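Residue numbers (UniProt numbering), protein chains in the order written: chain D, 1 to 254; chain A, 1 to 215; chain G, 1 to 331.
The hints are simulated quantities; they were obtained by calculation from the structure and are not laboratory data. Among the hints, erroneous ones may be present.
As the list claims (entries may be wrong) - Derived pair list, reagent style DSS-like, types lysine-lysine, alpha-carbon separation capped at 25 Å:
1. Lys191/G with Lys252/D
2. Lys191/G with Lys142/G
3. Lys191/G with Lys181/G
4. Lys209/G with Lys191/G
5. Lys181/G with Lys252/D
6. Lys181/G with Lys115/G
All values reported here derive from a predicted model rather than from experimental measurement.
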Amino acid sequence: MSVKTLDTAYQVTPSRWSRRNLTVPIGLIAAVAVLWLWVSSLNLDSIEARVLNAEAVRRAVVDHILLAVSATLLVVAIAVPLGIMLTRRWAKPLVPVVMALANIGQAVPALGLLVLLALWFGIGFKIALIALVVTAVLPVLRNTVVGIQQVDQSLVEAARGMGMRASRILRLVELPLAVPVMLAGLRTTIVIAVGVATVATFVNAGGLGDIIVAGIKLQRTPVLITGGVLTAVIALGLDWLGGLAERLLRPKGV
Amino acid sequence: MTFSRYLENRWDDLLEQATQHVLVVILSVVIATLAGVVIGALTWRSDRYSGLAIGTSATLLTIPSLALLALLIPLLGLGWAPTIVALVVYSLLPIVRNTVAGLRSVDASILEAAKGMGLRPARVLWRVQLPMAWPVIITGVRVATQMLFAIATIAAYVAGPGLGNEIFSGLARQGSANALNQAVAGTAGVVILALLFDLLFVLIRRYTTPRGIRV
Amino acid sequence: MSEHGVRIQLDRVTKQYPRQPEPAVDNVSLDIPAGELVVFVGPSGCGKTTTMKMINRLIEPTSGEITIGGENVLALEPNELRTRIGYVIQQIGLFPHMTVRDNIAVVPRLLGWDKARITRRVDELLELVGLDPSAFRDRLPKQLSGGQQQRVGVARALAADPPVMLMDEPFGATDPITRDKLQNEFLRLQKELRKTIIFVTHDFDEAVKLGDRIAVLAEQSHVAQYDTPGRILAAPANDYVEGFVGSAAAIKQLGLMHVGMLTGLAELSATSGLPTVRSRENARDALDIMLRAGTSHVVVLDEQGDPRGVIGFEDIAGLLREEVSRVGQDA
């Protein structure tokens with residue numbers, strides 16, 4: 001999935017998103033409520049009932065969120081230090097190389113990567129997690145680099161002129177000012193992680209993909225709808241949280 | 001079986017799947033471009049409506065593809081139909097956004113000059129603004145195309161066409177001799193197609209951009 | 001009590017960038033007396049900023065020696081050196097995510113001052129630059145006007161009371177009215193603080209107005225003339241300097257002379273209807289007042305506003321002649 005597309009999408013209309021502050025979560029809760037009412041009003045056959053039992057659905061939701069969130073945290077743990085490193089003076093020549101690699105990597109379909117990893121190293125949660133991290137790492141990495149590079153050089157010079165050491169300039173000036181851009185990348189990473197987590201079902205890593213796949217295999221509309229709606233709700237919900245973080249963690253004055 | 005032997009044996013099949021992959025992507029991108037440019041052209045004047053159009057297409061892009069496909073099956077069944085609809089939906093954001101940005105980027109003095117010459121708004125849009133915004137729009141189309149090559153692999157699971165089938169059958173035959181060959185062929189095929197089309201877009205952009213504004 | 005300035009010496013300082021045919025700064029020697037404001041003036045790209053930045057080692061000299069108060073800067077740890085030199089740049093460079101207080105406190109914190117001392121110092125500095133501490137302390141830079149931002153920039157540079165300040169076109173980005181105001185305030189401040197200041201500008205009029213001395217720099221920072229504004233105006237060393245001084249050198253020079261310098265004022269007779277000028281205003285203002293009023297004379301008032309005498313065109317012309325011949329003898 002294209003990273004550029006996703007993250008610039010959010011930069012277009014920040015104010016509009018903030019006005020929809022609460023409409024998004026309320027709408028999502030309403031969607032889940034309607035789904036629940038609709039499913040409970042149905043006379044589920046035994047197959048549908050087996051897939052859609054509360055415990056199975058709860059598990060799928062938890063697994064899905066767990067997978068997406070742990071992948072996101074891992075991405076942050078890897079990409080932020082790496083991105084910072086790439087902006088240090090001695091690493092300058094590496095930047096184009098890393099970015100070119102990352103951009104080619106972006107053309108690799110997540111599904112293909114997931115299946116290849118599974119065939120090489122076996123199936124399961126860990127393999128899915130690795131695939132997720134690889135697929136979702138670029139936005140945070142690139143935005144960390146770009147975020148630090150876009151800091152007004154006159155501020156860095158002012159800081160140097162006052163006698164601040166490179167490490168202190170990074171901590172007090174560059175990183176705080178890069179935070180908004182980094183958070184935009186984080187939001188994209190979350191969206192990709194949630195999306196790829198859906199496909200994790202194909203390597204037995206659980207998540208809501210299980211329910212969707214069951215719905216497709218069994219050709220049961222209620223199962224399909226439940227899986228589809230819940231996945232969409234989680235994706236939009238986590239994205240909303242990402243947007244919230246973007247607003248709350250943005251330093252004042254920027 | 002070695003990968004090269006595999007390629008030799010299955011070349012015709014792979015070529016057909018690659019062709020279908022390309023076809024479904026092109027078809028979707030063409031539809032999305034028409035729709036996206038129309039939406040952009042109708043809304044660019046108003047912050048509210050263009051914001052709504054962009055916000056909605058951004059929201060749609062947030063929905064994981066397997067989930068969207070699942071939701072489309074009850075309406076459209078399996079195969080090409082849900083695949084194309086999903087792919088069109090996913091390409092809207094870059095195209096609409098770039099159309100709006102492109103149309104807005106046209107210098108106000110040029111618009112005034114066109115108006116001053118007596119051109120009607122529709123004609124100004126068609127003859128002046130769209131050609132000038134074209135490089136930006138085509139960039140959006142390029143981004144969308146890149147994205148679709150990857151997403152289209154997943155459509156194979158709902159009986160859609162393309163190289164995704166190769167990946168899925170590799171997965172299904174896990175443990176058999178050809179499983180890895182199939183997965184590699186499918187994945188590499190998608191990457192190669194995506195990169196080829198990226199190059200193609202450089203040319204398309206060059207030859208469809210009016211000469212006066214080529215850089 | 002603030003620390004007064006110390007002497008700065010540049011001795012055959014050169015900056016040669018790799019893979020460039022010519023040095024950016026070539027063999028510059030300058031002696032900057034303690035407590036003076038010296039303006040480096042020259043066209044853009046002449047190396048004046050590079051020369052200045054070698055003093056706080058934002059740019060490392062290739063060869064030559066720089067001393068501040070007798071201390072060789074190249075022997076000091078660069079960051080330690082920079083905490084002792086105030087630095088103001090054209091873009092101001094206030095950190096947008098920090099309040100005014102935090103911006104000013106950057107260097108004191110680097111130096112490990114305690115909280116109470118920092119608070120006191122911040123308020124003291126805000127008052128010094130004419131901003132009400134209670135109103136401005138907690139503001140963010142974006143909540144300040146351009147002029148206020150520049151004042152905070154100066155306060156920040158003064159935070160640790162450095163003996164030396166480097167200022168790189170600090171008023172360059174402000175509108176003419178604000179700029180004039182900031183210049184006046186800054187002059188008043190400097191009168192009190194007596195720091196050693198190196199001030200870079202490409203605006204010769206600004207150099208004349210602010211500088212105790214002006215170093216007119218040519219390509220590669222070659223010193224074309226290094227002298228007081230009055231002497232540069234009266235006796236430009238060469239065509240280059242003359243070109244830089246520009247037209248109306250005499251008028252610019254009048255701007256440096258107080259009306260009060262005039263001796264032997266004519267008797268006060270029939271002064272009614274004549275315009276007035278205060279004795280601390282300069283001869284250029286007096287001339288301007290006469291021209292606008294359409295008179296050939298103007299009444300000089302003392303500090304209390306009482307008339308002291310009358311001056312006319314001839315007096316002003318005479319004053320200029322005297323100055324030129326005085327400078328000629330010096331030279």
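Against the structure, the hints come out as follows:
1. Lys191/G with Lys252/D: Between Lys191/G and Lys252/D the Cα gap is close to 37 Å, so the pair fails against 25 Å, i.e. violated.
2. Lys191/G with Lys142/G: 30 Å, violated
3. Lys191/G with Lys181/G: 16 Å, holds
4. Lys209/G with Lys191/G: Distance of about 14 Å is within 25 Å: holds.
5. Lys181/G with Lys252/D: 30 Å, violated
6. Lys181/G with Lys115/G: 33 Å, violated
Hint check: violations occur at hints 1, 2, 5 and 6; the rest are consistent with the structure.
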